[in-house]
Structure formats: structure tokens, C-alpha cells
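Undergrad: Protein chains in written order, with my numbering: chain A, 1 to 320; chain B, 1001 to 1485.
Honestly, the hints are just simulated from the structure, not real lab data. You may find that some hints are simply not true.
As the list claims (entries may be wrong) - Using C-beta positions, here's what the derived DEER-type ranges look like:
hint: 1; chain 1: A; residue 1: Leu313; chain 2: B; residue 2: Ile1159; range: 54 to 60 Å
hint: 2; chain 1: A; residue 1: Asn246; chain 2: B; residue 2: Leu1344; range: 38 to 44 Å
hint: 3; chain 1: A; residue 1: Val307; chain 2: B; residue 2: Lys1158; range: 46 to 52 Å
hint: 4; chain 1: B; residue 1: Thr1205; chain 2: A; residue 2: Leu313; range: 32 to 38 Å
hint: 5; chain 1: A; residue 1: Leu175; chain 2: B; residue 2: Gly1342; range: 27 to 33 Å
hint: 6; chain 1: A; residue 1: Glu137; chain 2: B; residue 2: Lys1283; range: 56 to 62 Å
hint: 7; chain 1: A; residue 1: Thr189; chain 2: B; residue 2: Ser1474; range: 41 to 47 Å
hint: 8; chain 1: A; residue 1: Val306; chain 2: B; residue 2: Asp1425; range: 58 to 64 Å
hint: 9; chain 1: A; residue 1: Leu175; chain 2: B; residue 2: Lys1318; range: 42 to 48 Å
hint: 10; chain 1: B; residue 1: Leu1344; chain 2: A; residue 2: Leu313; range: 55 to 61 Å
hint: 11; chain 1: B; residue 1: Ser1319; chain 2: A; residue 2: Trp317; range: 50 to 56 Å
hint: 12; chain 1: A; residue 1: Trp317; chain 2: B; residue 2: Pro1245; range: 48 to 54 Å
Note that the coordinates shown come from a computational prediction; the quantities given were computed from them, not determined experimentally. We treat Cβ as the ideally placed atom computed from N, Cα and C, and that holds for glycine.
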Amino acid sequence: MQSSKQSKNMFSKLSLVFEELFVFLALVVLVLLFGFTADNFFTTGTLAAILTQLPALTVVTIGMTLVLISGGIDLSVGSVVALSGAVVGLLFTSSEMPLFVAAFLGILAGGFTGLVNGLLGSYLRLPIFIVTLGMLEAGRGLAYMVTGSQTMYIGPSIQDLSLPIGGLGLSPAFLIALALVFAAQFMLTRTVFGRYLIAIGTSEQAAKISGIRTEPYLTAVLVLSGLLAGLGGIMNTAYLGASDPNAALGMELSAIAAAVIGGTSLMGGRGTIVGAFIGVLIISVLQNGLAQLGVTEPFKRLITGVVIILAVLLDRWRSR
Amino acid sequence: MRGSVHGLVGENGAGKSTLINIVSGLLAADEGEISLNGTSYSRSSRRKALDHGVALAYQELSLIETLSVAENILLSDLPGRSLGIARVQLRTRARELMDLVGLAEVNADDGLSTLTLAQRQLVELAKALSMPEANCKLLMLDEPTSALTGPQADRIHKIIRDRADAGLSVLYVSHRLEDVLKVCDEVSVLRDGGIALCAPSSTLTSNDLIKAMSGKALKARKDDELKTPGEPCLQVAQLATDIFPEPISLCCHRGEILGIAGLAGAGRSELLHSIFGLPAERKGSVFLKDAIDNHEILIDSPSQAVKNGIALIAEDRKSQGIFADKSVSMNSTVAGIGKLRGALSTISPRRERRVTEELIDRLKVKCDGPLQRIDRLSGGNQQKVLIARWLQARANVWLLDEPTRGVDVTSKLAIHEQLRKLRDDGAALLIVSSELEELMTLSDRILVLSDGKQVAEFQRGQWSKEMLLEAAFSGYAKRAVQATC
């Protein structure tokens, strides 16, 4: 009796670590697959290609994952990426403002859109799907207005953020993104804020009865998502060296896909940041690998879509 | 046996629900065989079971939120042709069944989501009874009256008896032992997956059943000495909402259990929720008197209530209590998580684990450890975890709505023990229960609500079941008189 209890306890512990382990193994398998089928996969060139595009999607996915775990969704992140980039572009090129101040204001702009989303969703009780959908349109429109509907060139000063330093080929942007992944994971599992997000996402009613005021937390997580999307906008602008109003079109869907592949439930209450990050890696590896194999764009999207659906089915099976 | 009502009792985990699930087609048996009316019966799906004439009412209701009451009742056999549902037929057939079970005040077209838990249980029963009497050979009822009050349950029992007398075979599974002995011709006791006892109900008492279920006899309950309550601590002044428009005032003291009796729909649950600060629209106020400096704190929201040591354990633990797919640990610590903070204001996993283990030990929760998912536990153990939650949050005013609904006998006694201990340690408890025996065992005082009004208050030793019932009905009698004029 005692040993079966112990082994049951071990199994539940193992399946907690196992959640992320599972996705990680999937990533490893994918990498090996491409390594054997594509000629130049295991090269620094590939690694560099993946790593430079990664930071923006990563930070946006962090925000999206937190929102999903709390039971909500943020469809506006792609537009916010473009908007914050546009704000930086405008402020930097039309005034004497130092770059990092402009960048800071760009991030704040993202936070502000998050605040609007949060207030409308939590206090006015409007469905968050619709609210952020509206912000998706409005944000994109604002991005166009701010840039005058054209790409604004910023130049090498911002690109430093995106350039690899040292021999490792890791850019400051990537390091920041990685640090945020671990910071967010820690916040989720070890702080009261994170615990409350999980509770609200699991059952908003039970959370209220447990004494949690849901409105401030739901608003805060959307502000966080906005700030992270703003940061993503800075990183994206750094990568391009310019503010592009068409940046990050559809990024919200990639972020959701990455989170879901990483084990986040769209119903709320379940998911990890590390898992979502592995999801980002899986998507990046998949897209790069397929490109190297010479797969055409339409096919790439088809395959990526199939992978996402498989991930959800697998997740359903695992959580029975 | 044909044409008789057979009762099935046993502790949670003994195998009652599993047995029902096998016969109804949801699970496959590993071995053995079942025969219905002499023909060997091996169903492999719910549909086949239905075709064989097996009807069933589930413990965890099988209703669909988004459909109407009528659609839910006739779901397995919606009347209609290829072009759609025959609405008129649907409505009339549903209406018949609704009047039969006691849902006269509900419209057939009302959405299910507008119904209370008791009404939903009646819908589930109507659904089970919807199979035409000619086709129905076996009716299985799993905890059919758990959310109903005495009179509502009596009505259902009469229907069951009538049907049985007309030839229907009924399997009645319940924790309410008195009901089982009253309605059933024979009772079987399941223990650890085997039958420990099977005898005619006329030869059995509740104690016999309990002994057979648990292998031990109930200790004789001694009448508690009258406890002198302490300082008043919860003051409810002229509280009113749409459900109970006439203002209610009450006062609960430290070291006191105040029972709240009444029929389903009388406003008891709403009173508790309103005290806790739940629906925002209410008139009147709730005050908590601080133990130390005696000043009064106004309570007007759940978060404030919790911060000041008020706990609410709601009737529907599935949607308003537990975080279903989360661990026992998370469920136990969510309300008082602030107390587990360690360095840099972060949650210390070691402390969380230790605290949870202490609570599991203290309340004797049967589980595989702090990390087990709470929804894998039996109802009684889930309820214990909820109590643990509020212990950890240092609650000293407890609002409990049906604290032992769907809980097996042993856990029920343990929970009663625990509630008495809380009272003895100085907490104030308000308990709503549809089981008068439970209220009479636990309470120091009982308040009776009837049709949203406060109609009576009884001190311990001055009440009887008849007096309580009479008071519970009194508010409705006036309404009935007015209706006939």
C-alpha cells in the first residue's frame, strides 16, 4: 500500500516536470530531423538566422501566455509591436530625443494599449476577445498614422540591440528575451500574482470566493502583455533598423500557436512560460528547416498548421 | 427484482457509481455478466442501454447549460420529424413531467442556466422519468435527492413507489440512509467493491447500514451541553436583495453555530452569499466586530470578507469551490497564500508543502499527497480540502452552504467533528442545510427562513423537527391563501 502511494506521488511529480520535457524532446527530434534531411542545418548560419528573429516573438509570446493562463486572450499584440516601433521611429527621427528614451516611450505606448484592453475587459466586463480584436484594428491604424503609412528609417544606432556580441552570436535582444522567459516563469510559479492568475484562469468564480479581486489582476496581465509587445516592437525595429507599419502582421497567431504547442490551454489555468518558449523554438526551427529544404511558402504554412493541431491533440491526450 | 425498489448504499469509493456506470453503458466490465429480465445483457454504449429500457439520473447532473429545460428533459428522444423539433409536443410532454416532479413554477422554455441547483436536480429526475413507462424496465437513480429538501424528496419518493408498484424496477443509490430505508424494499450495502449485506429494509436500521458499510458502529451521539456563546461578532443589519426583499437581521456570536433552515428557494444560500458580499446589489449592511479592540468593520466585498477572516464554502463546490485540475496543495493554500511568503515576498514551495501536509493530516484527507489533483478525490475529501483552505486562511467566521452534500457517512461525521471543534475554538459558524437532522445535531440556535422572510428562531433544546418544518412552510401558506382568493 505504501509503495504504491509513493510511486503514485512520484508519477505526479514526474508528470509536472514531464510537461515541459515532452515538448523539449519534440524540439530535439525536430532539430535532428532537419539536421539529417537538410544540408546546411547544423551551421552557425542557421543558428544566427533563428536567433535574430526569435527575441520579438519570444517576448510577445511571454505576454500572450500569461494572458491565456489567466483565462483571457490578447489579439492586439501584433499591432502593438508595429505601433511601438512607429512611436520610436517618430520620436527619434523628429526630435533630439535620445534613442533609449524614445524606446522607453514606445514600450509605454504598448502598456497603455494594454491598460485600455484591461479596463474595458475587466471593469466594463466586455468580452476580451472582442476588445483586443478592436485594439488589433485600432492599433494597426495608429501605427499607420504615426509613420505616415511608410517605413521610417532609423539606422544603425538601434540595430546594436540586435547585433550579436562576442563569439557566441547572441544579441542583447536575445539575452533580454531569455532572461524575461525565466523571470516570467519564476513570477508565475513563485509569486502571489502568478498564483492568482492561475486561479482566476482555472475558475473565476472560485477565485472570487477565495477572496481574490479579479479585476485588477486581469487588467494588470493585459498591461504586462502590452508592455511586452511594446518591447517586442523595439526588438523588431532593431532587427530591421527601421519602423515598419506592416511589422508583425499575424504575430498574435504565432504567439498563440507557440503557447499552445508549449502546453498552454486556451481555456485558461494551465501553461508554462518555458513551455511556450520551447513552442517558439519549435515554430522557428520548423519554419527555418522547411525553408532550407526548399519548401514553398504555402506549404510551410500548411505544415505549420498541421503541427499546431497535432500539438493540441497531444495536449488533450496528455491531460486526460 | 422486478417491480421493486432496491437500495444501494456504501461509502465513497465502495463502487456504487462504477456499478451504475457499467450497467448504463458508460464503462466496460472486466468480468462477470449481467442479465436483464432473463436475457443476457451486454451493452456497449449508452444508446444500447437506452434501447434496453435502462433510464438513469446521474449524481453529477447530465444536463446541458445552453439548452432549455424542455430540451434537456427530452434530450434522448426529442419529438420531431426530419425537418425539426416539434415544439408544441416538446413543450406539452415536458410540462407533464415537470408538473409531476414538482417544477410547476418553471417554464418549459426557460434556459437551464436560470435554474437553481435543486431545480436542476428535479430536471435530471424528469429526464430519467421521461422514458415511456411501457419501455422502461430499469430506473437507476444516483443520489436523486441530494439537493432537495424533505417535502421535495417525499414527492419524488412517491413517484418512485408508484412506478415500482406498476412493475418498474428501481435501483436507488443514496447517502441519505433514512430515505433509502423508507423508499426501498431491499437494501444492499457495498463495501470495497463487494456486497457486505443484502436484506429487506424492514429488518434494518440506519445503524445496521453504517456498521455494514464501515465495519464499525456509530458512537451514540450525546446531546451537547448548552454552550454559552461568546461576544457577538457578525452583525447583519436589514439585509435585503431581490431574492429576499424583506430585510433580514441576525447576529452570530463567537463560539456559536447558527443553523439556517428552510425549504429550497427560501433564500438561505442567497443570504450567505449576500453576507459574504457576493452579488453587489443589496440593501443593508454587514458588520464584523473585531475581537481585540471591538471596533466594527463594514463587509461589502468577498475580498474584504476574506481579508477579515470570513470564509464561504458554497453549495456547488464544482463551480464555486474547487480548482478542479489543480493540486490539493494549490487548493488548500489559495485563500491564505500571503502567509506562505518567504524571502523576497515569493512563495516558498517547502513551506507550502509542509503546511499542506499538516492540513491533510489534521483533517485526515484521503489522498495520495499534496500534489494529487483535487478532482481525483471523493466528494467528502474535496470538502475537507475546502475546510483546510479556510483553516489555512485563519478564518474565524464560517459561512457553510450544505457542507456535507454528496459526502459519505464517515467523512460527514468527521466534518461535523471538525465544525464542532471550530466552534469550541471560538469561531462563529452559519450553516445552511437541507437536512434537519444535521442542523439539529450541530446548531446552538436555528433561524428559519420561509419564502425569503425570517420567520422563526429556536434555541437549542426548544425545537423539534415538526416545529422547524412548520416554520419553514409558514411563509408559503400565506401566498397559497392569496392565490386561491
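Undergrad: Please go over all the hints and tell whether each is borne out by the structure.
TA: The hints, checked one at a time:
1. For leucine 313 of chain A paired with isoleucine 1159 of chain B, a C-beta distance near 45 Å fails the hint of 54 to 60 Å.
2. The supplied range of 38 to 44 Å is met by asparagine 246 of chain A and leucine 1344 of chain B, whose beta-carbon atoms lie about 42 Å from each other.
3. About 59 Å separates the C-beta atoms of valine 307 of chain A and lysine 1158 of chain B, a value inconsistent with the hinted range of 46 to 52 Å.
4. The hinted window of 32 to 38 Å between threonine 1205 of chain B and leucine 313 of chain A is violated, with their beta carbons roughly 54 Å apart.
5. About 28 Å separates the C-beta atoms of leucine 175 of chain A and glycine 1342 of chain B, a value consistent with the hinted range of 27 to 33 Å.
6. Distance hint for glutamate 137 of chain A and lysine 1283 of chain B: a CB-CB separation of about 43 Å, inconsistent with the stated range 56 to 62 Å.
7. The hinted window of 41 to 47 Å between threonine 189 of chain A and serine 1474 of chain B is violated, with their beta carbons roughly 55 Å apart.
8. Checked against the given bound of 58 to 64 Å, the beta carbons of valine 306 of chain A and aspartate 1425 of chain B, roughly 60 Å apart, stay inside it.
9. Distance hint for leucine 175 of chain A and lysine 1318 of chain B: a CB-CB separation of about 45 Å, consistent with the stated range 42 to 48 Å.
10. Checking the proposed 55 to 61 Å range against leucine 1344 of chain B and leucine 313 of chain A shows it is violated: the Cβ atoms sit about 40 Å from each other.
11. Between serine 1319 of chain B and tryptophan 317 of chain A the C-beta distance comes to about 25 Å, which lies outside the given range of 50 to 56 Å.
12. Separated by about 51 Å at the C-beta atoms, tryptophan 317 of chain A and proline 1245 of chain B satisfy the suggested range of 48 to 54 Å.
In the structure shown, a violation is registered for the earlier hints numbered 1, 3, 4, 6, 7, 10 and 11, in ascending order.
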